[in-house]
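Protein chains: 2
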Amino acid sequence: MIDVPHLRDICVGTSSKIVMLVVDGLGGLPHPKTGRSELETACLPNIDATAGESALGLTIPVMPGVTPGSGPGHLALFGYDPLRYVIGRGALEAMGVNGIDFQEGDIVARGNFCTVDDHGLLLDRRAGRIPSALSEPLCGELDSIQVDSLDIRVYPVKDYRFVLRMRGNGLSENLTEMDPQRTGVALQNVKALTLSARATADAANEFVRQARLTLIQEERANMVMLRGFSGMPHLPSMAHAYQLNPAAIAAYPMYRGLATILGMHVLATGETFADEVETLEKHWDDHDFFFIHYKPADTAGEDGNFDEKVRVLEKLDTFIPRIMDLKPDVFLIVGDHSTPSVMANHSWHPVPFLLKSPWTRAQGPPSFNERSCALGVMGTIRAVELMPLALAHAGKISKFGA
Amino acid sequence: MIDVPHLRDICVGTSSKIVMLVVDGLGGLPHPKTGRSELETACLPNIDATAGESALGLTIPVMPGVTPGSGPGHLALFGYDPLRYVIGRGALEAMGVNGIDFQEGDIVARGNFCTVDDHGLLLDRRAGRIPSALSEPLCGELDSIQVDSLDIRVYPVKDYRFVLRMRGNGLSENLTEMDPQRTGVALQNVKALTLSARATADAANEFVRQARLTLIQEERANMVMLRGFSGMPHLPSMAHAYQLNPAAIAAYPMYRGLATILGMHVLATGETFADEVETLEKHWDDHDFFFIHYKPADTAGEDGNFDEKVRVLEKLDTFIPRIMDLKPDVFLIVGDHSTPSVMANHSWHPVPFLLKSPWTRAQGPPSFNERSCALGVMGTIRAVELMPLALAHAGKISKFGA
Numbered sequence: 018m019i020d021v022p023h024l025r026d027i028c029v030g031t032s033s034k035i036v037m038l039v040v041d042g043l044g045g046l047p048h049p050k051t052g053r054s055e056l057e058t059a060c061l062p063n064i065d066a067t068a069g070e071s072a073l074g075l076t077i078p079v080m081p082g083v084t085p086g087s088g089p090g091h092l093a094l095f096g097y098d099p100l101r102y103v104i105g106r107g108a109l110e111a112m113g114v115n116g117i118d119f120q121e122g123d124i125v126a127r128g129n130f131c132t133v134d135d136h137g138l139l140l141d142r143r144a145g146r147i148p149s150a151l152s153e154p155l156c157g158e159l160d161s162i163q164v165d166s167l168d169i170r171v172y173p174v175k176d177y178r179f180v181l182r183m184r185g186n187g188l189s190e191n192l193t194e195m196d197p198q199r200t201g202v203a204l205q206n207v208k209a210l211t212l213s214a215r216a217t218a219d220a221a222n223e224f225v226r227q228a229r230l231t232l233i234q235e236e237r238a239n240m241v242m243l244r245g246f247s248g249m250p251h252l253p254s255m256a257h258a259y260q261l262n263p264a265a266i267a268a269y270p271m272y273r274g275l276a277t278i279l280g281m282h283v284l285a286t287g288e289t290f291a292d293e294v295e296t297l298e299k300h301w302d303d304h305d306f307f308f309i310h311y312k313p314a315d316t317a318g319e320d321g322n323f324d325e326k327v328r329v330l331e332k333l334d335t336f337i338p339r340i341m342d343l344k345p346d347v348f349l350i351v352g353d354h355s356t357p358s359v360m361a362n363h364s365w366h367p368v369p370f371l372l373k374s375p376w377t378r379a380q381g382p383p384s385f386n387e388r389s390c391a392l393g394v395m396g397t398i399r400a401v402e403l404m405p406l407a408l409a410h411a412g413k414i415s416k417f418g419a
Numbered sequence: 018m019i020d021v022p023h024l025r026d027i028c029v030g031t032s033s034k035i036v037m038l039v040v041d042g043l044g045g046l047p048h049p050k051t052g053r054s055e056l057e058t059a060c061l062p063n064i065d066a067t068a069g070e071s072a073l074g075l076t077i078p079v080m081p082g083v084t085p086g087s088g089p090g091h092l093a094l095f096g097y098d099p100l101r102y103v104i105g106r107g108a109l110e111a112m113g114v115n116g117i118d119f120q121e122g123d124i125v126a127r128g129n130f131c132t133v134d135d136h137g138l139l140l141d142r143r144a145g146r147i148p149s150a151l152s153e154p155l156c157g158e159l160d161s162i163q164v165d166s167l168d169i170r171v172y173p174v175k176d177y178r179f180v181l182r183m184r185g186n187g188l189s190e191n192l193t194e195m196d197p198q199r200t201g202v203a204l205q206n207v208k209a210l211t212l213s214a215r216a217t218a219d220a221a222n223e224f225v226r227q228a229r230l231t232l233i234q235e236e237r238a239n240m241v242m243l244r245g246f247s248g249m250p251h252l253p254s255m256a257h258a259y260q261l262n263p264a265a266i267a268a269y270p271m272y273r274g275l276a277t278i279l280g281m282h283v284l285a286t287g288e289t290f291a292d293e294v295e296t297l298e299k300h301w302d303d304h305d306f307f308f309i310h311y312k313p314a315d316t317a318g319e320d321g322n323f324d325e326k327v328r329v330l331e332k333l334d335t336f337i338p339r340i341m342d343l344k345p346d347v348f349l350i351v352g353d354h355s356t357p358s359v360m361a362n363h364s365w366h367p368v369p370f371l372l373k374s375p376w377t378r379a380q381g382p383p384s385f386n387e388r389s390c391a392l393g394v395m396g397t398i399r400a401v402e403l404m405p406l407a408l409a410h411a412g413k414i415s416k417f418g419a
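Respectively, the protein sequence lines represent chains C and D.
Heads up, the first sequence is in the numbering used here, so the first residue is 18 and it goes up one at a time.
Heads up, the second sequence is in the numbering used here, so the first residue is 18 and it goes up one at a time.
FYI, nobody ran anything at the bench for these hints, they're computed from the structure.
Remember, predicted model here, so these are calculated numbers, not experimental data.
Keep in mind that the hints are not guaranteed to be accurate.
Put simply, identical chains are the same to the list, so a pair is met inside one copy or across any two.
[Unchecked claim] Derived DSS-like pairs: lysine-lysine, alpha-carbon spacing no greater than 27 Å straight-line: (1) K175 x K50; (2) K312 x K416; (3) K208 x K416; (4) K299 x K416; (5) K332 x K175; (6) K175 x K416; (7) K312 x K175; (8) K208 x K299; (9) K312 x K208; (10) K50 x K344; (11) K344 x K34; (12) K299 x K344; (13) K332 x K208; (14) K34 x K175; (15) K50 x K208; (16) K50 x K34; (17) K332 x K312; (18) K208 x K34; (19) K50 x K299; (20) K175 x K344; (21) K208 x K344.
Make a model of the complete structure from these sequences and hints.
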């Protein structure tokens, strides 16, 4: 298996700097009318020029045919085999939000406010995407729910999202989720997957019962769904695995959570990518690896909005010169998975990437898209192979064997 | 490892339909005179047109440089790692022939009638390919052979082929084969590979001794060879692994046997590909996955008959519109291995494939052959990766992780 344990002994700390720009949902599919994908449609002068000086390829996020969630997709980019390291959504969310008190032994879950009808059938999985201004007071009400002797807290995340934290003795994360993944049907009860998880399942269901009574008069957010129950994850840190001093720059909480779990320094930043680039510039001297995250491509793809995905890729392109001006030793543009607008969803399709360094076999036209990358000199590789390649091109892996 | 166990939890049953057309021995090599392979020589208007709307690639059947038999070649196409799941040739044959009584604890072997000289040296491994009309009465004679207290049966398969079934206590499949794979040398005795297989080896050799006495007056079929000793195989079914309701359409017994082992519904069909396509049409509403098998390309290749392989590929091409008219959600043309006419044998060369679905990054010229597929957008992949890709393109794999 290609994985962090194999690299631990041969990685060396150096002053060279790696920037990994993760474009969430980067890959796409051709528009039925034009035959061109989002990347092929967008006008990307800076990215294309960089591609002309870079080695291109495609990454398979997890394994062929498998569509990853954001967690597995990012884990692979940082060199952690997502089939081996599994992190619950609850922990990802909890660790990404400032001020959440999440400790060893706690169980956290990602919560959605949602809308049900009088018969309890699901009408809207996101309660009409109610804004934080509406959801935060509701979180305050849910926060006062008491179940047995547990210490229960409800923290707002953003819009319709919250985190439930349960603290007590003998809690277990081995629970099923409530989300039926479609509307028109009833929510599922939380069920224990092991005998020892029964008490935790009962507590979660009792919380939901009380939450429904609390919210019953609400127009949209009249119910909650819980998923991704998880305890504190334990993964080898990137510092330990790679001899790095890594930093993460991400506006969205979940990606900060993932970075925290991998031991990255999560830098304070703003809500926009302009803020993120400013943060990168400001902390340039402090770290040797920067993960910088661009979310809008995934959001537009998930909304099925081809033109918007093209637009946000073009917007991203305008920031590339500022990153290049920092002269990173290795620069990568990668994606955690594809989100083709025509599918309005994450997908399994291999994801374009470029790797810029003086030590590549760069070739081909200055053009960054699914088809140019399919013919790229780096070939089609597993995403988990990217990190060793980035480290190698930065001179951070010593010789294996005599 | 890419393998069925990882997919089990994320596959979902849907109404979408997959057709996998397996062209046995599909891949070839250039003709020394023209520099063009069988596929490049053949006139394939329908297949080439389909290729123009499909994603192309090559499959490595087992691992680089390894030439597979039909069993491993097909297992990989259905997503079962052939290095992990080993099925004896005897079991493949036995399960493909109607009316063979093969149960748990039995040992079966594939038998060949063959020709030896007075010194027992092998003259013809297939007894001049004697027809069933001659071999069936001989099988009847062999069927009356008695060895110890074993229940021994001999079943005709086709032409020079038969199945030997041994039933009794404590039998073992851990036996060597008799076939020296070349003429002019003596047949090999059956030898035990483990201590506990000694009695079974003795019984097999005693059967062969009596068979030789029974056949000694025959002109061509004056001896038998046994190989592929095997007990009942146990593999996870495709229904269990993929949430599929799969059907197999194959004129040749061995492929029906393999399909049975994987839990496919083996549909009754005739001797020709026209019969097979008619069977596909007739049962279209009953299943969500169809394996349909085309044998003549392999036969022509094994005979070293380049022109005949070209001809049977052109014949296959005429049936493509009928399959397309059924509008499968995912259509694949694949091969279990290459059988280059110039080698007159199976080979290790990667095998062309096409995958047609609305969700591919289809590209390139309408041309289906070894070289166009080597440049295809799907790249060169392991055959075992095809099935997850087929399932993904049919919307039958749900998201992995949050």
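Checked hints:
1. When the C-alpha separation of K175 and K50 is checked against a cutoff of 27 Å, the pair qualifies neither within a copy, at 36 Å, nor between copies, at 53 Å.
2. Taking the shortest alpha-carbon separations for K312 and K416, only the inter-copy value of 19 Å comes in at or below 27 Å, while the best intra-copy value is 37 Å.
3. Taking the shortest alpha-carbon separations for K208 and K416, only the inter-copy value of 21 Å comes in at or below 27 Å, while the best intra-copy value is 50 Å.
4. Taking identical chains as interchangeable, the C-alpha atoms of K299 and K416 are never at most 27 Å apart, the minima being 34 Å within one chain and 37 Å between chains.
5. In this assembly of identical chains, K332 and K175 lie within 27 Å of each other by CA distance solely inside one copy; the values are 24 Å within and 61 Å between copies.
6. Proximity of K175 and K416 under a CA criterion of 27 Å is satisfied inter-copy only: 23 Å between copies versus 46 Å inside one chain copy.
7. Proximity of K312 to K175 under the C-alpha cut-off of 27 Å is restricted to the intra-copy arrangement: shortest distance 15 Å within a copy versus 59 Å between copies.
8. With identical chains, the CA atoms of K208 and K299 are never at most 27 Å apart, being 48 Å at best within one copy and 43 Å at best between copies.
9. Proximity of K312 and K208 under a CA criterion of 27 Å is satisfied in neither setting, with 33 Å inside one chain copy and 50 Å between copies.
10. Taking CA atoms no more than 27 Å apart as the test, K50 paired with K344 passes between copies only; the shortest distance there is 21 Å, against 40 Å inside one copy.
11. Taking CA atoms no more than 27 Å apart as the test, K344 paired with K34 passes inside one copy only; the shortest distance there is 9 Å, against 51 Å between copies.
12. In this homomeric assembly, K299 and K344 come within 27 Å of each other (Cα to Cα) only inside a single copy, at 14 Å, whereas the closest approach across copies is 57 Å.
13. Within a single copy, K332 and K208 get their C-alpha atoms no closer than 45 Å, and across copies no closer than 56 Å, so neither meets the 27 Å cut-off.
14. Taking the shortest alpha-carbon separations for K34 and K175, neither the intra-copy value of 33 Å nor the inter-copy value of 40 Å comes in at or below 27 Å.
15. Taking the shortest Cα distances, K50 and K208 never come within 27 Å of each other, neither inside one copy (46 Å) nor across copies (65 Å).
16. With identical chains, the CA atoms of K50 and K34 are at most 27 Å apart between copies only, with a shortest distance of 25 Å across copies and 42 Å within one.
17. In this assembly of identical chains, the alpha carbons of K332 and K312 lie at most 27 Å apart only when taken from the same copy (12 Å versus 51 Å across copies).
18. When the C-alpha separation of K208 and K34 is checked against a cutoff of 27 Å, the pair qualifies neither within a copy, at 47 Å, nor between copies, at 33 Å.
19. Taking CA atoms no more than 27 Å apart as the test, K50 paired with K299 passes in neither setting, with 44 Å inside one copy and 35 Å between copies.
20. In this assembly of identical chains, K175 and K344 lie within 27 Å of each other by CA distance neither inside one copy nor across copies; the values are 35 Å within and 44 Å between.
21. Taking the shortest alpha-carbon separations for K208 and K344, neither the intra-copy value of 52 Å nor the inter-copy value of 41 Å comes in at or below 27 Å.
In summary, the numbered hints that this structure violates are 1, 4, 8, 9, 13, 14, 15, 18, 19, 20, 21.
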